[in-house]
Amino acid sequence: MKRSENKEGIKGMANPGRYGIERVAYWLMRITGLGLLAYFIGHIYETSSILNGREAWDEMLKMTQTTEGHILLTLVIGMCVFHTANGIRVMLGHGGIGVGKPARPDYPYIPASQNMKHKLCIYASIGLAALAMMYGLSVLFGE
Amino acid sequence: MSETQGIAEEQSSTEISSQKTITLKIAKYNPDHDSSSQFASFTVPYERWTTVLDAILDVKKHLDHSVAVRYSCRQASCGSCGMKINGRPRLACFTKISELNSDVVTVEPMNNYPIVRDLVVDMGKLITNHKKMMPYVVRDDSEITTDTKEFAQTPEQLEEYIQFANCIKCGLCNSACPTMATDSSFLGPQALAQAYRYVADNRDKGKDKRLKIIDESHGIWRCHFAGSCSQVCPKGVDPAMGIQLLRGYLLGFKK
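If you read the sequences in order, they're chains A and B.
Note that the numbering used here has the first sequence beginning at 1, numbered continuously upward.
Note that the numbering used here has the second sequence beginning at 144, numbered continuously upward.
None of these hints come from the bench; they were simulated from the model.
Source: prediction; values computed, not measured.
For glycine and all other residues, C-beta sits at the position ideal for the given N, C-alpha and C.
Keep in mind that the hints are not guaranteed to be accurate.
Unchecked claim - With a straight-line Cα cutoff of 30 angstroms, these simulated DSBU-like cross-link-like pairs (lysine-lysine) come out:
1) K7/A x K268/B
2) K7/A x K168/B
3) K11/A x K312/B
4) K119/A x K398/B
5) K350/B x K101/A
6) K7/A x K171/B
7) K350/B x K268/B
8) K350/B x K398/B
To be verified - Distance ranges between label pairs, derived from CB positions:
9) L120/A x S245/B: 27 to 33 angstroms
10) D265/B x T66/A: 51 to 57 angstroms
11) A308/B x M63/A: 55 to 61 angstroms
12) S138/A x A308/B: 53 to 59 angstroms
13) A211/B x S48/A: 57 to 63 angstroms
14) S178/B x P108/A: 36 to 42 angstroms
15) L120/A x Q162/B: 42 to 48 angstroms
16) A211/B x V24/A: 32 to 38 angstroms
17) D283/B x L131/A: 54 to 60 angstroms
18) Y123/A x S178/B: 43 to 49 angstroms
19) F182/B x I50/A: 55 to 61 angstroms
Just chain B, with the same shape it has in the complex (with noise of 0.2 angstroms):
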């Protein structure tokens, strides 16, 4: 016990070598006990470097280890620190403390999924709609089928859908759209972009499959291209632009 009590205290100095330090305030909301979130305020050193998930880590480490928080590697490439930093929807991984340029920093729960504890939120939907698009690509005979040729592509015909491809299913670009905001039964940006990722790939043939399943009241047309979307992806992924060009194929512009 003491041992440990050591090892935290000197880690602990270490990191609060630092002269600058921000406020962080921490959204404190567990749905079984709670009525309503509340805020939690922390005094935490940073260096130039240093990411808000570093800053949550070091509130989880030395001040307050009840705090619920998801993460995984730590580079922006799971998604799962997706979480709302002052009114935006952003990697906590991806988002130095530096660059926000801001004495105060509020990181709350990503908007439009249900909270499961503090910063963590439930994204079975977000992957419930993902897996309704078919995430795969179709065929009717196989790569590793004897006899059959390998699925070739051009460069030019990889460009058309490698930009939709780079998704990490972080859920941001749910939590920033307005439509999400009001309409439960939406499917949301992020599964419309994964829709034109395998529409717009040559190697498909489950077009006419997909474009029925997002061709519903709920589905494509509900999106009001206000582009927040596209605006918080940490990944460039631009989902506002393949809803449009998925529109595209449903008006007949797109063959």
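Next up, chain A with everything else stripped away, as it sits in the complex (with noise of 0.2 angstroms):
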């Protein structure tokens, strides 16, 4: 018989509202770990053209001076500092640190493991974050 598998596949993960701000989280953790990622193999680029001289070298600098350059630069700081800070919370949680105790679970059921601890600390990651950027910016355009 010819089954499909119905899998919901990376379209479930691009649609991150339907499971409130944790969900949101888990989306912004894969989002910003493949941006720095990206940036990561971007920067060691940048970084080996030193080897074809100071001229070369130079006009690779270049690039991160212009208005895309420094947009660019502003979103990895975001994406850096968001990505930090929510990943200490997913990395305490992983270690069942804040996850709450099992206990008779009452009806309406709140999860326990979705404390308010927790969304204070994505809405703390995610607040941290754009404070970072605005700081960048504001060194990045300030001249």
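Could you use the hints to bring the two separately framed chains together as a complex?
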């Protein structure tokens, strides 16, 4: 019998709105992780240009002095701060820290693992990333 | 034949006494004949207490009896009627139409399971993964052996796992899980929460065996703590918590 697996796939991840802020954090964590990986590869390419001499290095650095370059670096700052702050929350959770204790559930069931501490940490991670980006923008475009 | 029609008309007219109606969109798909899923729309009357399952059965009785749906207890105990309702996995018998606050109710089969037909999915993999976790108390001795004491527990010891014993194997957690959406080999939150249920049971002696089963690349380490499994659980099991606590055992934070 022919049967579809009916998997949501990437499409399911691209719709983080249905399951609350925890799913948004999961989605942002993935996106920022991929973004930082792309930046890391680009950064290696950028720094390797020094092997072609000072002129090549200066030419490469000019790319980061444009408006687009500044916006890209601001995004990198935001991704880095969010990924670090949220990563600490997730790592603590993975060790069983701050996820609550098993108890007889009472209706309406509110999962203890999705508690206010975690929600606050997610909002704080987003807030910190926004603040860092604003600071980055002020430094990069400030002159 | 005429009698049957008469009974059907009588029941129909009784139920259509409600003033309020919704549009129920049901996903219709037969893998043997259809290339993709199509939605069939029906106008269904409802009352304050009408559940989504009641509405589907109303359609099945009066409008289109070819709709395939699985259900049994109608009281959120058997876990048969899991489906995607307005985009979220829920039990049809536990979801009232009036609580959805929508004039259009869309019902689809749960994601991450093969579709058998329409709203019915194949739960075979869920049961296989559940069985892999050895869902029973492992002992060398037995309560029924002569001269063996009964396996008494304190209320505190019971509290450690009783929440996870509430699982009805409806599979909603696996349907909401973003890892299940991309990794066919992942054990899934249902199976992992059941592993925790027995690992945390002080009577059980199979902890090492279970931890060995889940400690693999498509096992517990694939969970990224998105928490969607716990948000859709109709029994308050909180699989996300169980998985993280289980990791505590594997990482040596818990004994």
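Are the Cα positions of K350/B and K268/B separated by 30 angstroms at most? Within the cut-off at roughly 23 angstroms; holds.
Measuring from beta carbon to beta carbon, are L120/A and Q162/B in 42 to 48 angstroms? holds, 45 angstroms
Can the suggested window of 51 to 57 angstroms be confirmed for the beta-carbon pair D265/B and T66/A? Between D265/B and T66/A, where Cβ atoms are some 54 angstroms apart, the hint holds.
Within a Cα-Cα threshold of 30 angstroms, do K7/A and K171/B meet the stated pairing? With a Cα-Cα distance of about 17 angstroms, the restraint between K7/A and K171/B holds, given a limit of 30 angstroms.
Given the hinted pair K7/A and K268/B, is their Cα-Cα distance within 30 angstroms? holds, 14 angstroms
A211/B versus V24/A beta-carbon gap, inside 32 to 38 angstroms or not: For V24/A against A211/B, whose Cβ atoms are near 35 angstroms apart, the range 32 to 38 angstroms holds.
Could you tell me whether the CB distance from F182/B to I50/A stays inside 55 to 61 angstroms? holds, 59 angstroms
Assess, step by step, whether the Cα of K119/A is no farther than 30 angstroms from the Cα of K398/B, and give holds or violated. holds, 28 angstroms
CB of A211/B to CB of S48/A, is that within 57 to 63 angstroms? The hint (57 to 63 angstroms, Cβ to Cβ) holds, given that A211/B and S48/A are roughly 59 angstroms apart.
Could one say that the CB atoms of S138/A and A308/B fall in the range 53 to 59 angstroms? 55 angstroms Cβ-Cβ, so the 53 to 59 angstroms window holds.
Does 54 to 60 angstroms hold as the CB distance between D283/B and L131/A, or does it fail? holds, 59 angstroms
Just to be sure I understand the hint, the distance between the Cβ atoms of L120/A and S245/B should be within 27 to 33 angstroms; is that true here? Holds, since L120/A and S245/B (Cβ atoms, about 31 angstroms apart) stay within the stated range.
Comparing the model with each numbered hint stated earlier shows that all of them hold.
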